[in-house]
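Peer 1: In case you want the letters, here they are:
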Amino acid sequence: MKNIITFVTGLIFGLGLIISGMTNPDKVIRFLDIGGIWDPSLMFVMFGGIAVAFVGFKFVQNKSQTVFDDTIHLPGTTHISKELVIGSLLFGAGWALAGFCPGPALVALGAGYKEAFIFVMAMIVGMTIHDHFFKVCGK
Amino acid sequence: MHLTIYWQNFTPGSALLGGMLIGFGSALLVIFRGKIAGISGILGGLIDTDSTANSHRLWRGLFLIGLVSSSFVYQLFAPLPESNISASFGTLIFAGLLVGFGTRMGAGCTSGHGICGLSRLSIRSLIATISFMFSGFVVCYLFLHVLRMG
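These protein sequence lines map, in sequence, to chains V and P.
Each step along the first sequence adds one to the number in the numbering used here, with nothing skipped, and position 81 is 71.
Adding 101 to a residue's 1-based position in the second sequence gives its number in the numbering used here.
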């Protein structure tokens, strides 16, 4: 049962990305292009997402286990590291250049766009470079 | 700087509705599975070769299969909205590398920090969200209006 719910959860998340306009890179770029003709629509994705997710996180706030007895994993780190800021700055740069962030890129990959396939492959390489070379060297 | 709004393409209703579905998906995942719907973390964890990631591969895989099949499910009910991609192949590769590396270094993306983190009132996620929004605006401006590469 919980496996079916997990699959459906990913599906709902993806449908939300499609309906919101996040899977259209041109729209994402018009949202980030405040120097051109600005399309502020995607700001509302964040409003809607936070409003609903907030209720969900409130619901699990004082719980340690789900109804299926799984531990609830919430990030416990509060440290503001330079990695957090530099990593996020790099991510924002890539997001603005292609108009894809990870979720919408995977959805567009599923829709069969070869551009999304190229982007996702490069993204996986980028993740691997970080996890296997960069992080290891830093330790 | 003069701000001009693109009213013809302003779609606050569908953006809000889509956002609410994204929030609903995130809420379901934490309530029923106890996990954060951060796409970069889920994908990064799935391809992680470390054996400590093994016990998490099932839920991560199932979530991503659901995500990737959403286009197929959508077009059973309505024509799929087009993804207009103007970036060249070179730009796609460079941007993909930045997004992959940056989201792993910053431990999250638009979903994990921007939706889930902010919903949890995490200061860390607020800093991350401000950082990627800031560089998104700046790089977009440089790319389109200074380098004029768009």
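Take these hints with a grain of salt, some might be off.
[What the hints assert, rightly or not] If you anchor each label on the Cβ, the simulated ranges turn out as follows:
#1 Q109/P / K125/V: 24 to 30 Å
#2 H157/P / P30/V: 32 to 38 Å
#3 I27/V / V239/P: 39 to 45 Å
#4 H157/P / I76/V: 24 to 30 Å
These are computed hints drawn from the structure, not numbers from a lab.
Backbone N, C-alpha and C fix where the C-beta goes; we use that ideal spot for every residue, glycine too.
Peer 1: Against this structure, judge whether each hint is valid.
Peer 2: Verification of the hints:
no., hint, result
1, Q109/P / K125/V: 24 to 30 Å, "45 Å, violated"
2, H157/P / P30/V: 32 to 38 Å, "37 Å, holds"
3, I27/V / V239/P: 39 to 45 Å, "18 Å, violated"
4, H157/P / I76/V: 24 to 30 Å, "26 Å, holds"
Checked against the numbered hints given earlier, this structure breaks hints 1 and 3; the rest are met.
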